[in-house]
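Chemist: Sequence:
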Amino acid sequence: MAPPRDPYGRLVANAGLFRALAQDGGYQSLHVLSHPGSADTQSLRAELGLVDAEPPEVTVGPLFGTAAATAAGALLYGQPYLTEPAWARRHGGGDDAYSIVGSIFAFASAPHREQMLMSLLAPVWPWDALVCSSTSLRTTVQAAIDEWEDVLRGRLGAADAQRYRLPRPQLPVIPFGTAVGAVASAASDAEARHTMRADLGIPDQAVMIYHLARLSPYDKAFPQPMLRAVQRAQQQCGARLHLVLAGWFPDGEQGRRRYDEAIATYCPDVPVTILDGNDPDFIRRCWAAADVFLLLSDTILETFGQALIEAMAAGLPLVVSDWDGYRDIVRDGLDGYLIPTLGAPPGPLGRSLALMELLGDVNYAQYGGATAAHTAVDVDAAAQALARLADDPEHRRRLGGAGAERARQEFDWRVVAGQYQLLFADLAERRQALAPTIAELASRRLSPLRDDPFRTFAALPSSVLGDDTLLRPGRVDADAWAPRVELDEVHPGLRGDADEARAVLAYIAERGQCRLADVTALFPPRRRPFVRMTIMWLAKSGALSWTAE
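The numbers in the sequence shown follow our numbering, run straight up by one, and end at 549.
Hints listed in this document are in silico derivations from the structure and should not be mistaken for laboratory results.
Honestly, I wouldn't trust all of these hints.
Label-pair restraints from in silico Cβ distances [as the list claims (entries may be wrong)]: (1) Asp-24 - Leu-465: 32 to 40 Å; (2) Pro-524 - Leu-465: 16 to 24 Å; (3) Ala-182 - Pro-524: 53 to 61 Å.
None of the values given here were measured: they were computed from a predicted structure.
Don't be surprised by glycine CBs; every beta carbon is placed ideally from N, CA and C.
Input sequences plus hints: build the corresponding full structure.
Modeler: Rendered as structure tokens:
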């Protein structure tokens with residue numbers, strides 16, 4: 001949970017949420033599930049910011065272990081792909097053992113959309129949830145689920161839409177959060193403001209416009225509207241402007257070259273500085289040095305806008321596109337300005353783009369980039385908003401103060417973590433109320449696509465070991481089962497130990513032949529599955545026979 005290099009908002013958001021729940025959730029214990037060897041208690045406590053020897057106690061378990069989740073009542077799963085955790089839940093404790101809470105951060109990548117929608121074919125129920133980061137994302141996801149359901153009904157010949165519906169998870173809207181106090185403290189550092197502006201060559205009287213985002217046209221925003229708006233604002237206002245771009249280039253040197261070319265062409269009269277967005281010191285000092293925050297996103301890959309709530313916490317007025325989750329954050333005219341956007345109409349060219357992605361002719365970045373390239377942002381409106389803010393310091397302070405207060409009330413991680421705790425409680429009530437009425441729907445233990453291989457492929461062998469299978473000593477050496485070569489020792493965890501093997505052989509040798517059920521009855525119930533596999537291994541070695549004389 002340390003800040004990753006070239007960070008994506010979902011990674012930062014997950015880390016912040018986990019820390020907030022650990023530090024302020026009031027829990028006595030936390031169970032962290034992960035791949036074996038990928039985490040340990042000491043490092044997790046450090047990453048969660050927990051003080052040694054103080055609650056909560058942190059334990060680590062296997063990624064799809066169900067015991068801890070059953071005890072807790074909820075599994076917070078930081079992704080939208082619920083197939084694996086849903087089937088693991090059924091296998092471990094049953095569909096109503098606990099609630100699964102996933103998160104949807106983006107919905108633009110077709111393979112990811114498909115993977116998320118396919119997970120609704122797993123045993124996911126109304127006591128589960130997929131948290132959406134914005135109202136527009138929830139609307140988009142809801143429409144996709146409706147259309148997917150229509151497709152499935154058509155495939156199954158189930159015309160009754162009321163009777164044949166997929167059990168759906170809840171789709172609550174909960175925003176990302178930020179450490180409001182830390183950002184506000186950094187923004188109020190007068191010395192940092194002075195030194196950063198001096199380092200960047202920005203005079204005290206100039207207005208610094210700050211843009212913090214990935215520097216990518218498909219991943220965040222085409223830069224042309226931003227650059228044109230700043231250029232026009234410089235022509236319209238009396239203040240001197242300076243644009244600072246902090247971020248990183250997913251496209252490397254090619255991305256930097258394209259930005260440099262666009263800057264020189266569309267913003268020739270305004271100094272533009274590009275800073276490394278992976279340098280936390282730069283970012284911290286920029287909150288103090290900046291006067292206005294600017295981000296005109298136009299990409300379908302953007303759903304919320306982590307940087308926006310950080311800018312609000314810093315007390316900056318915002319000029320942002322009226323886009324997806326941005327309109328959930330910024331109140332137009334109160335915290336900043338929402339700049340109108342215009343999307344292209346659906347039609348044959350859009351369907352061609354979708355088909356090209358389906359066939360692999362374009363990747364998700366090209367798919368998203370082509371969409372963003374044909375999404376308009378009102379450059380004139382952005383320029384006017386920037387010019388007004390540049391010329392009126394009091395207006396900047398008023399909007400920035402309103403935004404800072406909103407950040408404290410709605411976007412601090414403590415507040416966001418509280419919304420998750422309310423969600424956990426709501427899902428628990430749904431689980432208790434609904435599970436008994438739909439228990440008959442959960443008839444299978446495992447996914448038919450990933451079932452017990454001995455069950456799935458039972459038609460392949462001549463016969464299958466059963467309680468009435470007659471077992472006799474084999475015609476080969478009775479000790480043939482004992483490991484002699486490396487291949488005799490593979491997958492030992494699927495069968496019993498040597499003492500159990502000897503006990504089985506001795507019992508069958510004494511009687512000459514006996515039923516499997518008679519042999520397994522000698523062992524405790526919890527060991528019987530292992531004994532059956534031991535018998536299979538003994539039969540494989542020739543130490544036991546199951547065929548007629």
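Chemist: Decide, hint by hint, whether the structure agrees.
Modeler: Hint check:
1. Asp-24 - Leu-465: 32 to 40 Å: Taking Cβ atoms as reference, Asp-24 and Leu-465 lie about 54 Å apart, which means the hint is violated.
2. Pro-524 - Leu-465: 16 to 24 Å: The hinted range 16 to 24 Å holds for Pro-524 and Leu-465, with Cβ atoms some 19 Å apart.
3. Ala-182 - Pro-524: 53 to 61 Å: Since the Cβ atoms of Ala-182 and Pro-524 sit about 56 Å apart, the hinted range of 53 to 61 Å holds.
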